[in-house]
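Note that the protein sequences, when read in sequence, are chains V and G. So the mapping is simple: our numbering equals the position in the first sequence, first residue as 1, plus 11. So the mapping is simple: our numbering equals the position in the second sequence, first residue as 1, plus 1.
Hint data in this document are derived by calculation from the structure and do not stem from the laboratory. It should be emphasised that the depicted structure is a prediction, and the values quoted were computed from it without experimental measurement. One or more hints might be untrue.
As the list claims (entries may be wrong) - Here are some chain V residues the structure puts well away from chain G; computed CB gaps all over 10 Å:
(1) 16
(2) 21
(3) 24
(4) 56
(5) 59
(6) 78
(7) 80
(8) 102
(9) 194
(10) 198
(11) 201
(12) 225
(13) 234
Stated by the list, open to error - Dumping the calculated DMTMM-like pairs for lysine to aspartate or glutamate here, alpha-carbon to alpha-carbon at most 25 Å:
(14) 142(G) - 199(V)
(15) 222(V) - 211(V)
(16) 142(G) - 196(V)
(17) 80(V) - 178(V)
(18) 237(V) - 195(V)
(19) 228(V) - 217(V)
(20) 80(V) - 226(V)
(21) 142(G) - 84(G)
(22) 142(G) - 195(V)
A virtual CB, placed ideally from N, CA and C, is assigned to each residue, including glycine.
If you want the building blocks of each chain, they are given just below.
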Amino acid sequence: MTPLTALRYHWNVSVLGPAVLRLQRWQAQRRPARWDTRYLAPPLRIAPRTKELVARHWLAGRYANGYRKVAWVTSGAPVELLKALDFYVLYPENHAAICGTARLAVDIASEAESAGYSRDLCSYARTDIGAVLSGKTPVGRLPKPDVLFAYTNICQTVLFWYRVLAEYFGAPLVLIDTPFVYTEEAAEHAVRYVRRQLEEAVPILERIAGKRLDERKLRRVGLLSKRASELWLEILQRCRHRPAPISVFDQFIQMAPHCGDARRPGDGGLLRRAAEGGG
Amino acid sequence: MESIPPIPSRTETIRAWKEHGGGIAAVLPIHYPRALLRAFGLLPVEVWGPPRVDPAPGAAHLQPYVCSIVGNALSFLLSGGLDGTDVIIVPPACDSLQGLGSLLLDFGRPRPPVFPLYLPRGRRESDLQFLADESRALYEKLAAVTGRAPAGAELMERIRQEEEADSLLAELHRRRRALPFSDMAFYRLVRAREYLPAESFSTLARAALDAPPTNPRAGIPILLSGIVPEPMALPDAITEMGGTVAADDLACCGRRLYPPGQSLDPFRRMAERILNGPPTPPGVAPSRNGSTTWSGWPGRPARGASSSTTSNSASRNSLTCPSCAGDSRRPACRPST
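Please model the entire structure based on the sequences and the hints provided.
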């Protein structure tokens with residue numbers, strides 16, 4: 012990392028970018044967008060704040076290469092390990108969803124289809140591969156990964172998708188295979204298997220990060236992550252009320268900061284206040 | 002050209018096995034420890050569809066984009082096709098099979114017990130250990146169902162029997178172009194491994210390998226890639242068009258040429274055999290240090306080889322078979338199932 016890289020990162024990510032995003036949030040809060048459909052509830056009042064959070068995350072990604080190590084992860088991946096090692100964590104499925112809301116997904120996915128990827132593939136994968144091949148993205152620029160972290164809990168496509176990314180970027184792929192749980196609880200040997208893989212992943216991640224894993228930091232990140240997950244669950248449980256305080260669309264949109272970099276209980280608290288009527 | 006010995010049908014094999022007091026394990030694709038089932042007196046009979054069932058019963062429970070093998074297997078099960086079996090084994094090799102296992106356990110609850118068997122996606126020591134543990138867990142479940150508890154020595158004997166059958170299967174694949182029978186006959190023979198007891202298959206395979214070799218078949222070498230060589234008239238269609246199948250990585254054939262195991266622990270040995278088999282394309286599994294880099298690019302055929310992708314649904318939808326002009330009721334197109 013050169014001093015210029017560090018300066019550029021701090022100027023854009025810590026000074027200029029947040030100021031611009033804060034200004035945009037104030038403007039959005041002062042003049043809420045017109046809402047003229049009677050079928051859906053208007054966006055939550057915290058929407059500008061969520062947008063700012065998500066934008067700050069992607070802004071940090073834009074300048075991450077050369078300043079921080081970057082990990083691309085699949086959904087459900089244990090980002091706590093990566094966060095404790097100061098990786099910038101990019102979640103391509105989240106990016107694909109942003110491409111969808113920006114109405115760019117069809118255009119970007121067609122780049123992957125033109126390269127020979129079947130339309131039968133999941134649109135998350137096509138959008139991500141299309142973005143990688145073409146450089147098209149609504150978030151400015153995607154940082155190149157130093158490591159790819161694939162977790163098989165969501166589907167099998169992720170493994171093949173991440174193998175494609177590993178080849179394209181020449182980055183190492185770390186696989187954490189999670190056996191499907193057919194019964195109430197995972198079998199003991201399945202838990203042992205996942206634990207062992209996580210333990211095996213640590214030295215690989217340490218080597219890439221260029222630093223040792225600080226157990227106290229991991230514990231702290233783990234606690235924050237647990238608290239954020241509990242808050243999110245609490246928010247979802249509020250939807251048992253009739254009328255529900257937030258819609259399923261709100262749930263998907265508000266999930267973004269939780270799934271990406273911003274696993275902080277403060278974000279969950281913000282949402283909880285929204286669900287309680289302050290939103 | 003056809004000097005292949007007569008192959009007993011699936012129905013004949015099941016009937017004969019049951020007459021001798023054996024049980025039947027219906028097994029969904031792709032990889033599973035055959036020897037473990039045999040040690041419990043269960044004959045593994047694989048369910049790759051089957052291709053000619055009414056898909057409607059399964060379609061009522063599955064999305065239309067779910068693989069036709071899984072859809073047909075569910076239809077077959079719901080219409081009573083697996084009623085005579087003692088257990089159903091579902092190794093979730095893909096999302097569709099994983100979903101089927103879940104569907105059967107949570108909602109279907111067929112009469113025979115359903116046992117999933119998770120196959121790890123890597124090839125590391127942790128994967129090997131997990132698969133060995135998973136096989137041990139299956140052993141316990143089978144013991145509870147059958148009331149038997151085969152000893153380690155019996156398991157090892159069954160493993161060696163399967164290893165012999167698999168080495169003959171691999172030899173058939175290696176010598177396929179010089180064998181004195183057609184591609185169609187070759188696939189009938191190798192797919193008999195899906196239901197014949199290992200010892201019966203070994204007898205058949207030895208007879209086929211002992212036949213005097215011929216000059217390697219002429220024709221454009223074709224690499225078949227995909228899941229199953231169906232419709233079964235496909236190899237004949239390739240021959241008619243001047244091609245010959247040189248090799249395949251089909252899930253039911255070339256992707257299951259398991260090498261012998263090394264370990265003296267039967268569970269670990271069964272796991273070694275599966276995990277040391279050919280990789281599931283595309284690409285490679287993570288290396289032993291847990292990381293990997295990609296070694297292939299999807300969509301690009303290997304240099305110097307033509308390739309054709311076959312699958313249950315794709316082949317049916319996109320190819321018209323010259324032998325039957327699309328009429329799969331004609332004998333030429335009947336699969337061995």
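| field | Contradicted hints - numbers only | value | The structure conflicts with hints 9, 10, 11, although it agrees with all the remaining ones.
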